[in-house]
Amino acid sequence: MKGKVWKFGDDVDTDIIIPGRYLVLRDEKELAACVMEGCDPDFSEKVSEGDIIVAGKNFGCGSSREHAPIAIKGAGVAAVVAESFARIFYRNSINIGLPLIEAKNVSKSVSEGDIIEIDVDKGILKDLDTSEEFEIKPLPVFMLGIMNEGGLINYLKNHIGEIKG
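Just so we're aligned, residue 741 is where the sequence shown starts under this note's numbering, counting upward by one.
Please keep in mind that the hints were generated in silico from the structure rather than gathered at the bench. Backbone N, C-alpha and C fix where the C-beta goes; we use that ideal spot for every residue, glycine too. Certain hints may be false.
Straight-line C-alpha distance at most 30 Å; calculated DSBU-like pairs for lysine-lysine [stated by the list, open to error]: (1) K844 x K897; (2) K844 x K862; (3) K786 x K866; (4) K797 x K747; (5) K744 x K877; (6) K797 x K786; (7) K747 x K848; (8) K877 x K866; (9) K797 x K897; (10) K862 x K877.
Simulated restraints, written as ranges between beta carbons of each label pair [said to hold, decoys possible]: (11) Y762 x G863: 33 to 39 Å; (12) G863 x L763: 21 to 27 Å; (13) N898 x S851: 37 to 43 Å; (14) L763 x L868: 34 to 40 Å.
I would like the entire structure built from these sequences, with the hints used as guidance.
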């Protein structure tokens, strides 16, 4: 993955990602039009397909709403990179096929607008503007399988025979 960085801080909660008043929406493109409105009302107009969100610690904290990762994915964001993620947001994102990348100190070093490249297989994130590299935390094999198939529903459809035994 390679994309332009949009930077956010620590403790970005799900109400910042998609404010509660939009929870009546179900379509990912409608949700995407409101994504990150809690901290940048124009974000949905500025973000482009393949861009990458970089944040600090505890990204996605707050409620368990699935709307948050759906809105991010619907906006065309290729991945979210953070120092750490809230547990339920992490699992909701994996379940819909939104890549989450954990990398220590990345939010302190990467700047908004930088272009970063993520090589999941090699476990490296590289800031192409500064040539700085960061080690990324690998996903567990079963979660990588879910991600590679576009989310939990696709994974289950493709492996239902294996699951039944």
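Hint-by-hint comparison with the structure:
no., hint, verdict
1, K844 x K897, "violated (35 Å)"
2, K844 x K862, "holds (16 Å)"
3, K786 x K866, "holds (23 Å)"
4, K797 x K747, "holds (12 Å)"
5, K744 x K877, "holds (21 Å)"
6, K797 x K786, "holds (24 Å)"
7, K747 x K848, "holds (10 Å)"
8, K877 x K866, "holds (14 Å)"
9, K797 x K897, "violated (34 Å)"
10, K862 x K877, "holds (11 Å)"
11, Y762 x G863: 33 to 39 Å, "holds (36 Å)"
12, G863 x L763: 21 to 27 Å, "violated (36 Å)"
13, N898 x S851: 37 to 43 Å, "holds (39 Å)"
14, L763 x L868: 34 to 40 Å, "holds (37 Å)"
In summary, the numbered hints that this structure violates are 1, 9 and 12.
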